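Asks: Read in order, the letters of the sequence shown correspond to residues 1 to 98 in my numbering.
Since the hints were made in silico from the structure, they are not lab data.
A few of these clues could be false.
What the hints assert, rightly or not - In silico lysine-lysine, DSBU-like type, Cα no more than 30 Å apart, as pairs:
id: 1; residue 1: 1; residue 2: 52
id: 2; residue 1: 14; residue 2: 44
id: 3; residue 1: 52; residue 2: 78
id: 4; residue 1: 52; residue 2: 80
id: 5; residue 1: 78; residue 2: 51
id: 6; residue 1: 14; residue 2: 80
id: 7; residue 1: 80; residue 2: 27
id: 8; residue 1: 11; residue 2: 80
id: 9; residue 1: 41; residue 2: 80
id: 10; residue 1: 11; residue 2: 52
id: 11; residue 1: 20; residue 2: 51
id: 12; residue 1: 41; residue 2: 27
id: 13; residue 1: 20; residue 2: 52
id: 14; residue 1: 14; residue 2: 41
id: 15; residue 1: 11; residue 2: 51
id: 16; residue 1: 20; residue 2: 41
Said to hold, decoys possible - Computed spacing ranges between beta-carbons, pair by pair:
id: 17; residue 1: 42; residue 2: 10; range: 16 to 22 Å
id: 18; residue 1: 85; residue 2: 1; range: 16 to 22 Å
id: 19; residue 1: 86; residue 2: 34; range: 32 to 38 Å
id: 20; residue 1: 20; residue 2: 90; range: 16 to 22 Å
Keep in mind it's a predicted model, so treat the numbers as computed, not measured.
Note that the Cβ used here is the ideal one computed from N, Cα and C, for glycine as well.
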Amino acid sequence: KLDMRVAEILKVEKHPNADKLLVFQLKIGEETRQVVSGISKWYKPEDLVGKKVVMVYNLEPVTLRGVESNGMILSAEKGKMLSVVSTLEDIPSGATIS
């Protein structure tokens, strides 16, 4: 069963070894996690800081081009458009999605 949660983006940097990847520091409740996502084509790092997104919380850690990722930021894509999944209301980070 997927465990999806609201996460606040604390910091975003370009991946040191891959132009298409961004490295995120996400706040999930009291925890901070690093997540790597391939959305640099659609978003600039500075435009994402402070946003609240939906992430898959219970994935096994993976290493993407030498950087560990502990979760997945959800997004919707159609053709050349992409949007990260976020909340309409100001829900606290760490809230579970049902």
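Asks: The structure should be examined with respect to each hint, and the outcome stated for every one.
Replies: Quick rundown of the hints versus the structure:
1. 1 with 52: With Cα atoms ~22 Å apart, residue 1 and residue 52 stay inside 30 Å; holds.
2. 14 with 44: It holds: about 9 Å lies between the C-alpha atoms, which stays within 30 Å.
3. 52 with 78: holds, 21 Å
4. 52 with 80: holds, 23 Å
5. 78 with 51: holds, 22 Å
6. 14 with 80: Holds - the C-alpha atoms of residue 80 and residue 14 are around 21 Å apart, at most 30 Å.
7. 80 with 27: OK: residue 80 and residue 27 at ~29 Å, within 30 Å.
8. 11 with 80: holds, 25 Å
9. 41 with 80: Between residue 41 and residue 80 the Cα gap is close to 10 Å, so the pair holds against 30 Å.
10. 11 with 52: Holds - the C-alpha atoms of residue 52 and residue 11 are around 12 Å apart, at most 30 Å.
11. 20 with 51: holds, 20 Å
12. 41 with 27: Roughly 23 Å between the alpha carbons, so the hint for residue 41 and residue 27 holds.
13. 20 with 52: holds, 21 Å
14. 14 with 41: Between residue 14 and residue 41 the Cα gap is close to 11 Å, so the pair holds against 30 Å.
15. 11 with 51: holds, 10 Å
16. 20 with 41: holds, 6 Å
17. 42 with 10: 16 to 22 Å: Taking Cβ atoms as reference, residue 42 and residue 10 lie about 20 Å apart, which means the hint holds.
18. 85 with 1: 16 to 22 Å: Check passed, 18 Å falls within 16 to 22 Å.
19. 86 with 34: 32 to 38 Å: Once the Cβ atoms are compared, 19 Å apart, the range 32 to 38 Å for residue 34 and residue 86 is violated.
20. 20 with 90: 16 to 22 Å: violated, 31 Å
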